[in-house]
Amino acid sequence: MSLDHKITEVRKVLDTAQEDYAPVTFASSFGAEDMVLTDLIAQYYPSIGMFTLDTGRLPEETYSLMREVADRYGVRIPVFFPDFAVIEAYVAQNGPNGFYDSVDLRKQCCHIRKVEPLKRALSGKHAWITGLRRDQAPTRKDLATVEFDSEHGLQKFSPLLNWNLTEVWEYLKQFEVPYNALHDRGYTSIGCAPCTRAITPGEDVRAGRWWWEDPEIKECGLHPDKRRK
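Residue 59 in our numbering is what sits at position 59 of the sequence shown, and the numbering runs on without skipping anything.
Hints were generated in silico from the structure; no laboratory data involved. A portion of the hints provided could be inaccurate.
In the DMTMM-like style, the derived pairs of lysine to aspartate or glutamate whose C-alpha atoms are separated by at most 20 Å in a straight line are [said to hold, decoys possible]:
#: 1; residue 1: K107; residue 2: D184
#: 2; residue 1: K119; residue 2: D135
#: 3; residue 1: K119; residue 2: D101
#: 4; residue 1: K173; residue 2: D184
#: 5; residue 1: K6; residue 2: D149
#: 6; residue 1: K125; residue 2: D149
#: 7; residue 1: K125; residue 2: D135
Simulated DEER-style distance windows between Cβ atoms [as the list claims (entries may be wrong)]:
#: 8; residue 1: P201; residue 2: D15; range: 35 to 45 Å
#: 9; residue 1: A181; residue 2: P46; range: 21 to 31 Å
#: 10; residue 1: G153; residue 2: K173; range: 36 to 46 Å
#: 11; residue 1: G98; residue 2: H126; range: 12 to 22 Å
#: 12; residue 1: G186; residue 2: K141; range: 37 to 47 Å
#: 13; residue 1: P46; residue 2: D101; range: 39 to 49 Å
#: 14; residue 1: R197; residue 2: S47; range: 36 to 46 Å
#: 15; residue 1: A92; residue 2: H5; range: 47 to 57 Å
#: 16; residue 1: D104; residue 2: T8; range: 21 to 31 Å
We put the CB at the ideal spot given by N, CA and C, even for glycine.
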């Protein structure tokens with residue numbers, strides 16, 4: 001399937017989201033996939049909102065890209081932050097990097113810094129859009145392009161679900177879309193700085209996320225593993 005056809009299919013999904021599920025919003029972490037959707041939404045879908053989550057531990061390169069996106073597309077992307085009082089309590093009890101000590105502590109940190117702010121960002125929306133791809137991780141193989149998100153009580157659209165990484169980068173290069181500078185240093189998936197590393201050839205694209213954990217279980221809670229329901 002050509003890239004043009006793939007783009008057409010993505011736009012059909014975005015058309016449905018915009019026309020049938022307003023108000024709808026796009027959750028961007030400024031990863032490569034999210035930049036494909038940012039480029040399309042900023043140009044063709046003015047009624048689809050966008051937002052991002054600032055966990056307080058993001059790499060500087062991500063902040064630089066946020067500014068570049070604002071300058072290039074002329075859009076203001078709302079930023080949702082965690083409850084800093086809750087973060088202070090977590091750090092007081094577990095230390096600043098307690099998430100390395102156990103899966104439970106890591107998931108607790110993700111819940112504080114990502115899941116709770118996401119709930120606020122989605123409040124009042126009928127649907128949200130993500131940059132998930134099926135081949136990103138074992139935990140994402142059973143996802144659907146359009147499905148009901150029971151965790152948040154709204155529809156969830158993943159227009160790039162059937163894209164592969166090569167197609168993502170073909171789009172970014174062809175349309176000269178800005179992207180995170182860390183991608184050029186071997187980072188295929190980018191989250192919080194202390195929980196992200198570059199990968200080596202042959203590793204899974206999300207191997208650099210929470211690399212000390214079993215890849216069959218590692219998710220941050222934003223997109224729960226349907227296999228474990």
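For each hint, the structure was consulted:
1. K107 x D184: violated, 28 Å
2. K119 x D135: At roughly 26 Å apart (the allowed maximum being 20 Å), D135 and K119 break the hint.
3. K119 x D101: It is violated: about 26 Å lies between the C-alpha atoms, which goes past 20 Å.
4. K173 x D184: Holds - the C-alpha atoms of D184 and K173 are around 13 Å apart, at most 20 Å.
5. K6 x D149: Since the Cα atoms of K6 and D149 sit roughly 24 Å apart, the hinted pair is violated (cutoff 20 Å).
6. K125 x D149: holds, 12 Å
7. K125 x D135: violated, 28 Å
8. P201 x D15: 35 to 45 Å: holds, 38 Å
9. A181 x P46: 21 to 31 Å: Taking Cβ atoms as reference, A181 and P46 lie about 28 Å apart, which means the hint holds.
10. G153 x K173: 36 to 46 Å: holds, 38 Å
11. G98 x H126: 12 to 22 Å: With a Cβ separation near 37 Å, G98 and H126 fall outside 12 to 22 Å, so the hint is violated.
12. G186 x K141: 37 to 47 Å: Since G186 and K141 have Cβ atoms about 24 Å apart, the given range 37 to 47 Å is violated.
13. P46 x D101: 39 to 49 Å: holds, 45 Å
14. R197 x S47: 36 to 46 Å: Cβ of R197 to Cβ of S47: about 38 Å, so the range 36 to 46 Å holds.
15. A92 x H5: 47 to 57 Å: 53 Å Cβ-Cβ, so the 47 to 57 Å window holds.
16. D104 x T8: 21 to 31 Å: Once the Cβ atoms are compared, 44 Å apart, the range 21 to 31 Å for T8 and D104 is violated.
When held up to the earlier numbered hints, the structure conflicts with 1, 2, 3, 5, 7, 11, 12 and 16 and fits the remainder.
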